[in-house]
Amino acid sequence: MENSRVHAEPFHIAVSGAQQSSSQDSRSAQDPSTKAKPARALAHGSLRTTFMDLVGRPPYESEYERWLGLGRDKLLDALLGSEEFWGHWWSEQLYYFLLVDNFQPIARATKEIPDKLAGGRMDYRTALHRIALTSSFDQRNPGSDTFVTVVMEQFCGLVVQKNRRDLESGKRAYDGGKGNFLGTIVNNQAEVIEVCVNHSKASKHFLVREYQRLMHAPGDKKALANQARRLHRDPWKYLATARDWLLSEEYSQRLERLEPKSNSLFLNGLFVDLLDRLPKEEELDPMRTALDALADPRPLRSVVVRLLLDSGRVRIPEKDTITDPTRWIGEKFQRLLGREATGEELRVFVGIFHQPDCRTATILYALLSHPEYQNY
Amino acid sequence: MEQFNFDRRSLIRGAALGAAGALSPGLASSFSLPLQKGRKTKRVVLVAFAGGVRTRETFGTPDNIPNMRQLADEGVLYTNVATANLGHFGATMSIFTGVSEPRGIRENARGQEPTLFEYLRKGLAMPKEDIWVTTTGGAQQVNYSYSLHPEYGAKYGANILDGEGIFNTEFKQLLDTWGMPESMGDKEKALLDQLRKGVGGGSDAVREAERLARVEEYILKELTQGTSDITGTAAGDRKALRLARNLLSLFRPKVVGVVLQNADVAHGSYNAYSEVVRQNDAAIGELVMAIREDEDLAESTAVIVMPEFGRDRDLNSRRGLDHGDGSPDLRRVTCLAWGPDFKRGVEIDSEQRTTDVVGTVCELFGTTAPLARGGRLTGLYS
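Sequence lines, in order, name chains P and G. So for the first sequence, our numbering puts the first residue at 1; every next one is plus one. So for the second sequence, our numbering puts the first residue at 1001; every next one is plus one.
Because the hints were derived from the structure by calculation, they are not lab data. Some hints could be false.
Straight line, CA to CA, 25 Å or less: simulated DSS-like cross-link-like pairs of lysine-lysine [stated by the list, open to error]:
1. P:Lys319 <-> G:Lys1197
2. G:Lys1197 <-> P:Lys332
3. P:Lys332 <-> G:Lys1187
4. G:Lys1189 <-> P:Lys332
5. P:Lys280 <-> G:Lys1172
Turn these sequences into a full structure, and let the hints guide you.
In C-alpha cells form, the structure reads like this:
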C-alpha cells in the first residue's frame, strides 16, 4: 500500500518553503544584508541538542563551524526530513517495536524505506505499515494472542483488557476466520494490521509518542488531538507538525534543560565526539545491546569510554603539544558538555593538567564518564 | 596492554571491607543477623520462571525437573496459583509489584507501582548492592528495576543485569578486537577523582563513581569467564541463572531475582519448550548446588520459583503452544518455596496468587509492601 504521491522536490525542502512565513524571527537569519543576531541563534549546547534530537548524533567537527551562530530555523530546514533524519526516525521506530538484534528487519526493501521517506516517495504511515508486515514483526510477536495484542497496543495505544471483543475478533481473523475488529470486518492477519495502522487512534498514538520523543514532554492533550486529526486526514503533514513543535517556546525551554541520553544516543555521541564518525552497525548493535542489559548502564558506559580512549584509535594530543591548556580544556567543555567551563572548573582542570600523572586521556575520561555527559 | 586484575579473592576482600564499613555503610548489613527475629533466612533467590510454563511440563512431568522436584520434597509446593494473562511483561511485573495491572506486551517503560526491591530498600534501608536481578528478556526487562512512583523510584531500584544482552558474543568479540581498557594507577585515579569533583562542584559524582567502578570490574570479569560463551537451548535463561549463582557467591546480596523467558519458544515448538524446561531445571539445580555447598548460604537462603502464567491447553497449528485460551492450564501455575524457615515436603492446593510473592518476601524480611494488592503465600512457615 505504498503511497504513490511523488513530490517534485525533496520533502524537507518543500516543507521548509511552506513554513518560512510561520516564523518572522527566521527572516534575519535568512537575509544576508542584516548583521542582526538571528533569532534562536545556535550555541554549542542548543546545536548539539537539536542535532541529537533530530538525527541521533551530535554535530561533526565541520558542522560546528557551519552552524554555530545561525538560527534554529535554518538548521531545521537542513535536517528535518533529510535522509539522516528519516534514518534516525526509522531506527527509533524499530526500537519502539523492539525489533532489535535478531528481530531487526534485514530485507533490502525494508532497508530502503528511510530513503523513500526522505525522497517523498512514502509517508510515515505507510512506513509503519511496512514494519507490521515484516516477517521480523511476525516472529517477534508469535501466536494470535500476542500478535493482535501488540498491534492493538503499539499502533493504537489500546488496552486490550478493556477491548476484549476486538481482541477475540482480531485473533479469529489472524487464524483465518472472520470478525468485526475495531468496527471493520476483517478476514485475515493482513487486514487486522491494516485496520490498526489506518485507525484514527493510531494517528493520535503516533503523534503523542513522537511529541514525547522530540520534545521530551507529554504535550498539551487538546492541541495534540487537533494535530492528530489533521495528520489522520493527511499523513504528509507530519514534518510540518514536527517543525512547528521544534520552533515553539516549549522546545526552547527543552533546550534549557538536560534530558538523559538513550544508549544509542550515548554511543553515537561518543563515537562522533571522539572519532568524528558514527559507529558502524557491527559496533553499535552489540554495544547498545550490552548497555540495554543494565538498569543502570553507567558502569558499562564507562567501560566503553575507556575502551575507545585506550584503543589507540582516538586522536588524543600529547600533553606537550598543547600550548594553551586553558583553551584546550575550555574547548572540550564546549564540545563534550555543550557549555562553557566556569572559571573554577578551568582552574581545577588546568591545575591538574600540569600534574605529571595526568594524561590528556585522563581529562577526557573525567568529562566523558561524568554524569553531565550522560545527559544532553 | 595490562589486563584487569580482578579475582574472587579481591571481591571477597572488597566485601569484607564493606562489612567493616569501609566501602559503604550498607554493605555491612549483608553480613548481619537474620532479618526477622527468630528466623534463619537472610537472603532470598526469587526465580520468575517466566515465558509461560504450564504445570503439565514441570511438576506434571517430574522427569523434566528432577532438581525442582527435589526442592519441592524439601519445601512447600503450591499447586493452585492463580495468574493473570497480562502478557509476559505485565504478568512478570505483577510478581514483582504485587499488583495485576495491564501492561503492553512490548511496552518498554517502567510501571507506576513500586516493586518488591523498592519496598525492601526503602523499608529496610538496604543499599543497592544488596539487591540484584538477572534477566534474559532484553531491554524491556530492565524496567523491573524500579517504578515511577513518586515516593519510591530510582533511588530505591535494584541492580539489573540482562545476561543475554550484556554477555552477547558480538560485544565480547568487540572487546577482544579493541582490547580491554588499561588499568589506571593510583595517582592517576586520585587525579581523576579531583577532576570529577571539579565538574559542577559535585562530590556526589565521585562517591557514585566508586560504587559504579566495582560493578564495572565485576562485569569485566564476567566477560572473560565464559558467560558469553553459553549458547544453544535456553542460553539466555542459563546465562541469567549463572549470573545469579555468581552474584550470590561473590556479593552475597540479600535478594537475587532471576527472570527467565526462553520457554516462550513454545509458540513455535512444543519440543523446544520442553527442552527449555529441562535445561532451566538443570541450571536451577546448579544454582541450588552452589547454595548447598556454601555453609553460610545453605543455612540462610530461601528459594522461590514462580511462573508468571501457563500456556494454552491445546497445541496450535505449528505444533506449539500459545497463551490466550483462558484455560486452567494458562491461568493456574505451580509455585515452589524452599528455605530454612519453610515447611518441608508439603503440598498446598488452596488458591494462592502470583501477586502474593511481594507480601511474602517483605514479611520474610520484616517489612511491608503498602501498595501491593496481593496477600501472602499461606502455610509457608514451619
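So, going through the hints one by one against the coordinates:
no.: 1; hint: P:Lys319 <-> G:Lys1197; verdict: holds, 22 Å
no.: 2; hint: G:Lys1197 <-> P:Lys332; verdict: holds, 17 Å
no.: 3; hint: P:Lys332 <-> G:Lys1187; verdict: holds, 23 Å
no.: 4; hint: G:Lys1189 <-> P:Lys332; verdict: holds, 20 Å
no.: 5; hint: P:Lys280 <-> G:Lys1172; verdict: holds, 16 Å
Checked against the numbered hints above, the structure breaks none of them.
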